[in-house]
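Protein chains in written order, with our numbering: chain A, 293 to 641; chain B, -15 to 492; chain C, 701 to 1029.
Simulated from the structure, these hints should not be mistaken for laboratory data.
Do not rely on the hints blindly, as some may be mistaken.
To be verified - Looking from chain C toward chain B, a few residues come up when the C-beta cut is under 10 Å (computed): (1) G729; (2) I735; (3) P738; (4) F740.
As the list claims (entries may be wrong) - To be clear about the criterion: a stretch of chain B counts as covered by chain C if any three or more of its residues have a C-beta under 8 Å from a C-beta of chain C, and this derived list gives those stretches: (5) 389 to 395; (6) 428 to 434; (7) 465 to 479.
By construction, the Cβ of each residue, glycine as well, lies at the ideal position given by its N, Cα and C atoms.
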Amino acid sequence: MSRNAVVVGMGASGLFSSYLLAKKGWKVTVVGRGTPASAMSTGCIKGQIVNDGCIEEILKMARSNGMPMTGPGTGATNLGTRFDCTLLPVHSMFSDRMPNSITVLGIGGHPSLRPRLTASMLSGWAPKVDAMTADVEISPEMTLAATFRDEALSDRLVEVMKDAAGESILLPPMFTLHDYMRMGELERRCGRRLMEAVTPLGIPGQRFLEMLLSSAVSSGAVVWSGRKVTSIRTNGDRAVQVEVKGGLDSRRLDMDALLLATGGPLVDGTLLSTEGISDPFNTFQTINCPGIGGGYAHIGQRLRDRSGHEMKNAFGAGDCLCSERRSFGNGLATALDDAWMTVQAMEAL
Amino acid sequence: MRRDVLVIGGGATGAGVARDLSLRGIDCILLEMGDYCHGASGGNHGLLHSGGRYVMKDRSSASECASENKVLRRIAPFCIEGTDGLFVSVPGDDPGFGDVFKGSCHAAGVPTAELSLKEALSLEPGLDPGITRCFEVEDGSIDPFALVQANVDQARENGATVLNHCRVTGIKVKDGRASDVEYVDERDGQRHEVSPEIIVNAAGSWAPTVAGLAGADLKMALDQGSMLVFDGRCCGRVVNRLRPPSNGDIAVPNHTSTILGTTSRSAPSYEGATVSAGDIDLLKKEAAVLLPGLRNARVVRAYCGVRPLLGGSGGREASRSFSVIRSEDVDNLLSVAGGKLTTYRLMAEKVSDQVCGMLGNSVNCRTHLEELSPGAVPVGGSIASTRLVRKYGAKASSISTSSPKVICSCEQVLHTEVEHVLQSPDVLTMADVMRRTRAGMGYCQGLDCSLAVLDIMVERRHVEAVPTFNDFLDERGRGQTMASGDQRRQEMLREHLLSGVYGLRRKG
Amino acid sequence: MNEGRCIKCGSCMQACPVLNDPRGSDFPGPRTVGIDAPRFSERLSMGKVSFKCTMCHACEWACPSSITITRSMIRLRGEMVTSMPSLPGHQRMRENIRRMGRTVDNDFRSWKENGEKALYFPGCIGLGKLPDMVSSVSRLLDSLGIAHDISSQVKCCGSPLLKIGADQEAEGLRQSNMKVFSRYDRIITSCPGCTYQLREVYGIKAEHLVEILPEGRFSSAVEGRWALQVPCHLKRGVSPWTADDMMSVLERAGVDLVRLPEEDRCCGGGGGMLSGFPDTSDSIAVSKADVYRKADVRGVITACPFCCLNLRKAGSNVLDISEAIIANR
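Build out the structure end to end from the sequences listed, making use of the hints.
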């Protein structure tokens, strides 16, 4: 028997749960505008994932996608970069020992890593930190990923890095999942240990989402990006149909289970049209769903209906489960852990 | 150190006095406790008045504005946008006011012309289509930071000493005359002394405090005006409400924003003035009557300026004129009160005339003749390089435009521009950089560029990153307490980045 | 007009195919051109590099604040085009249109002017550069039972002019085309750029080939593994559903499809790039072709003449969707 699931939201928890559900035989359609807040994250898992089952799944996914991670046999908390990474002590991940000296490398005024600022912030913590800037004329708007697909610029960078004072070099993130192996090549050529800076709003977050998206697609989930769910029809304590708008057309989709993973209010979240939730931005997308109540509130992984009772087949995952008081994302670890738990709950249906 | 004249306060008035005196060959020193324009000179509309606003209640102020408007356009064209302005009435406004206004403009010498409603709406499509009358006047917008800096520069070229970040901490008075003035220079943290013949107290809202240091009593009403900065130019011309001066009736397009003001209520002190949620609602509601688009426009920031008004209880009834008060207690202390940005030069001239009288100097004023920052010509190539002249006048030519690195995209600020500004010993803080370059004044309020500026300052000045940055966040944060809508999303993103990545958090 | 919603997250820049190409470094980026520049009274001083955009809408889709960045850039182009000389390629294109009503010389001879109810509107690139594709679309329409004309009288739809800011010049084309269109009940296109223009500017219900395919039943005309190139102007311009329809039509026909993560990334051909900045356009296509080569596929199936042309130039084996399937009777 095939079970139809509709997942709303294309961020970390939406895509991860779509991947898990599709693997378990659900027919999954994931609907989202394709602008997830987790793309703004650092793309590294910093927090602790609680569920062992979840850790296993993530590692499996990461390995098959060539997603970098620190150290051999590592837990999922070191996922996101194969090279030691740092920006502040809270984000530092060192596979064995802390380097004795670090050179922070900025790329010619490019905004992805402010070398002197970073060095001065690290200085109270690492033994010896200095900063240098690679004198490369590139536009600050350009992605570094593109820049260093250019061989001449790579060669130039290697030359600069050979002169670095530090034992280790902290680089801005500039390698997509697609060409992450180039970082290893760079390390061999300059003969220094490389570290990757954990910066948000850039390549690392993109790297992570790319992995989640391609995993979801290859496990069979249908991705409806650039579209939004405009209404959810309920029947008693069950959500039965969604209406999805894309361009000028709308299509309807029947479902056996619904999962909301629309994220919190950092970016436009999706708000169920109910009273009692204040929208600080006046800009939320609204889903018309007279049968479901509570906006972001939840019991366990399940949404509630208007009278406060648990819905049978409507779930939430990730940041959308948090109350509207929370100001920004809880991080990838929570999003993934939560998605995993929600999928367990859906399996029990 | 002996000096002829000490000017206290580096706003438009103080800088104007220093320029005026130095052009007359008088030896003077100016001390500013913060940065130039950090008080009311920076906290205003940036409106170059045509005089129209004052024709009804204060005809002499109106005439002064009208003539000074012409002078400033001539001597400081680089920092002025001759946008022109409109006075517009809507249904419900006193229908007879337009004719009275027209007559009063004529009497005060404020050039004005009535436009047909069709003309008005085609000139300014954002106006409410239901407007009832419209007059055109010669309003404009002016960059007060660039203007004051140009005054400072010219004063220095003519021999004046101008020091910002120098707080006057004591004034010794002997036989009814101020003799020695003590100040602390923030650059070295040391106490210094200067012994002037005459002190000009142009400290704006702080003038009573300065007078108090000399044991003199100065009565001044502090009146606060709240202003909103909207993202983008919501109108092409200055838009005024055609009615007696009231709340939220002037919108000024300035640089990349529209500044809307203002309110009027008394303030306990400069530091104690705050914008309330009520002020914001009131301003938006009033302005949307003329420019309906403002109702949903993004408010980037709310701030208030504090008008140092003459005597009385302040408010809208208080005169917007100015006066020079010679202290009864301290013979060589002149205090300046009241006034407007548009008439700053005239005020400076009056003050300087009086100073000259006291010194027995008979050289005439030349400030209306000498151009500020002459020879400023814009270069093209990009938005950033075209804008340099507006901010730096003739000095723009010494900023390299060969590298395209833009560190602030909302205000299109070049990396080389920040480096240029940091060559000046005047610049100590990130806010100082911002006032000169506008990096941090854009709609993201320094989300990205502040880190770039900080990085450059760590390199060039070896400043300590975290305290320098926190000062800046505090400064910007003051305008964000009432942020809503998109601006609140912006602030949340900032918090997310700063605390999540750099471990920085705004105090409080 | 919703530029004021920007929170500077940089998502648009990460998504931009031009900024992500080494030859695109002088493009000021979608944020500067589409969001920041309109605020400045100095905006016209940006120069021709601000035209270095393929109008692929990727920035718009990536924007968490739903800012219509592309529309804003088109508006700016309209202002700039009057204040600076055109790029040589754009000038050539405008002259071609003035001279012969199309952007490129015509290379198609099999006109069909039988007074049918439907009109197939292949667009300039199809007629001028890909006559085989036009024939194959026409054959497919026939086998679907859609009798149609291909009129020699139609001119350029005006989309290229709109994209380079010269939309004033497009009005004459619209009037002339509308005279032809008035004779038909149904307009079918195979170029997403034309579809968008006919719908948005002409206000008529043009259909892209991909939109009528879900009605039919097909079998595969190709062997081996194939990848998709989902045209930007189709998915993000015409309708997001077309991308899924394209895929499901091919899968149901039995084409062995490999899904690649960047299948809907721009080929570099749109928005006047092919004529205005051929180097950058080429460089973007070459890196796309590289992805397809690494994926070890026979070739790429698309539904846009620009994608066809540009990716073929870069060395990919490209088929239009009409060439990859055969209708079952």
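Requested in this report: List, from low to high, the hint numbers that the structure doesn't satisfy.
Outcome: Checked against the structure, no hint fails, so every one of them is satisfied.
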